[in-house]
Amino acid sequence: MSDRILLVDDEDSLRLSMKMRLKGAGFDVDEAADGEEALDKIRENQYDVVLLDIKMPTLSGLDALPMIVQTSPKTDVIMMTGFADFSDAIECLKAGAKDYLVKPIEVTELVTRLKTLLRTRQSERELQSVQQHYSSILFYDLFGPLMTIRDVVHSAHKLKEKDQEALLGYATELSELLSAKVRGMLDFNHIESGVLALDRKKIDIGRLVTRVCETQSILAQKNNVSLVNEVQQKLRAALCDGEKTEQVLNYFLTAAIQNSSSGAEIKVSATNKAGDNQVKDQVQVSVRSSDSRVQEEDLNILFHKNGRPVDGKNAKLQETVLNLAIAKRIIEAHGGLFWIGPTEKKSIQYNFSIPAA
Amino acid sequence: MDQLNYTYKFTFANGQEKDFAVFQDAKTLELQREADAPKPEWTKLKFSQCSNCPLDDSVEYCPVAINLSRVVETFRDNDSFEQTTVTVETPQRTYSKKVQLQKGISSLLGMIMVTSNCPIMDRLRPMARFHLPFATSLETFYRTVSMYLTAQYFLLRKGESPDWDLSKLLETYKAISHVNKGMSQRLLNASNKDANVNAVVILHSFGDGVSYFIEDGLSEIKDMFSVYVDSPKKPEPSPSEPNK
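Those sequence lines, one after another, are chains A and B.
Going by my numbering, the first residue of the first sequence is number 1, and it counts up by one from there.
Going by my numbering, the first residue of the second sequence is number 1, and it counts up by one from there.
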């Protein structure tokens with residue numbers, strides 16, 4: 001089904017030419033001559049995007065925007081004006097518009113922006129559905145280990161001291177696994193609702209990498225993969241939230257280990273990366289698996305690119321997507337970069353870079 | 001010298017009136033520039049010069065901007081959607097319509113822009129002789145293509161290769177689109193409100209529409225030409241007529 005656009009402008013020649021162009025580009029286009037007509041149509045139909053002129057008689061775009069956002073919160077709005085006024089633009093973006101275009105509008109540019117916006121919406125929707133599905137299976141995932149922990153607690157006093165120790169160790173491992181899963185969901189919900197506070201300090205990334213590798217070595221052994229740690233000499237410290245950065249590296253390693261074939265090698269490296277006029281010096285951390293079952297296109301959803309939909313039955317891939325989505329947002333909040341690649345054949349590499357201190 | 005005289009009269013709701021007279025050379029259709037046309041800073045060629053302007057540094061003022069200056073300065077504080085009655089007197093007839101101000105200005109600017117000796121806009125100059133105030137998009141598309149195909153006929157008569165598939169007209173409109181953008185930038189600096197800029201935006205949207213109209217093989221009006229294009233149908237035999 002084509003994406004539905006509502007084009008709102010008081011000038012009929014502009015509506016006609018834009019409508020022809022947008023239809024030619026594959027969109028389903030409806031039109032309205034002012035804000036009131038637009039609202040009537042929005043109440044009756046579902047649109048993906050509204051292209052809204054700011055200055056119109058009867059009900060202007062500025063006045064119609066909050067009503068549109070309220071009436072149809074899932075519809076994105078792009079404002080248009082012939083008279084570039086920066087204060088209007090800021091007001092519109094604050095009121096919920098996604099973008100702002102100055103007339104005369106180059107339709108090729110408009111089509112590109114529309115496609116990008118719609119792709120982002122699609123990815124966000126897909127990510128939300130992954131989250132919902134993951135939430136629903138999470139309860140089942142929590143239930144089994146919780147029952148085991150309860151049984152351990154109940155029966156521990158009946159066992160000998162040596163067995164008690166082993167059983168409690170197992171219970172501790174299970175409770176860590178549970179808290180990690182719950183923390184992941186809480187983080188995702190926090191980040192999606194815009195709550196992400198960073199406590200930036202000077203952090204020794206080399207030590208952080210070593211510590212995470214040690215923690216993850218048990219999981220690596222269990223999955224029969226080897227971990228190699230390569231930290232560059234004289235690695236610079238990073239200015240970051242140490243706990244959150246550790247969480248990102250944990251997500252990278254979990255993603256790499258859980259999705260690697262038996263016998264694979266996982267290399268964790270940390271290097272200095274020189275900046276330029278636009279980007280400050282960075283510290284880069286990469287995790288590369290030599291034989292991964294997850295490929296780059298499985299993770300395209302993270303970058304709003306067209307890719308394979310995430311299979312609802314593949315819980316591990318869902319967990320990976322969700323964790324990497326959290327990791328990406330944490331890194332971006334640091335002003336850093338998150339990317340995947342280079343990839344070749346079965347190997348995959350997860351990377352992030354954050355500002356050096 | 002024979003002249004063609006057009007007058008545009010804008011009558012606002014409060015009774016205020018603004019008149020503009022446009023004189024063209026009847027043969028070349030070149031606009032006769034007013035001797036005392038205002039020359040504000042924004043009319044200088046170098047001021048937001050169009051990205052594809054072929055004029056060199058020896059030209060101090062943009063020929064289009066100079067000719068637009070009186071209109072633009074008059075409406076610099078007007079909103080695009082103010083209601084006005086615009087009356088246009090042409091040598092042949094008088095048109096009158098209640099329209100948004102942007103539409104009236106657009107009609108006037110369009111005529112001035114194509115007769116001002118801009119090397120790019122001049123390619124539309126023949127249309128000025130058949131000026132149609134407040135034209136709809138479809139009327140503009142048809143007049144444009146008709147004008148261009150007439151030009152190809154003259155090329156054919158001259159022994160040159162006509163551009164029947166209108167590809168060079170598409171190129172012309174690409175260039176015109178740059179001029180419209182450049183001009184809207186100038187007018188943005190010359191105005192406090194949006195009437196002038198939106199008038200150019202309307203011209204730009206006409207141009208964009210013409211381009212799509214051509215790319216789409218003029219399909220919008222194709223059926224109207226079936227009498228020329230489709231083979232005539234044989235009449236159905238009447239029931240009383242015996243089969244042969």
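For the record, the hints were derived by calculation from the structure and aren't laboratory data.
Incorrect hints may appear among the rest.
Computed Cβ-Cβ distance ranges for the label pairs, DEER-style [to be verified]:
1) 2(A) - 220(B): 19 to 25 Å
2) 174(B) - 297(A): 33 to 39 Å
3) 2(A) - 89(B): 45 to 51 Å
To give an idea of the chain B side of the interface with chain A (calculated C-beta under 8 Å), a few residues [what the hints assert, rightly or not]:
4) 74
5) 76
6) 79
C-beta atoms are modelled at their ideal positions from N, C-alpha and C, and glycine is treated no differently.
Non-conforming hints, listed in increasing numerical order: 4, 5
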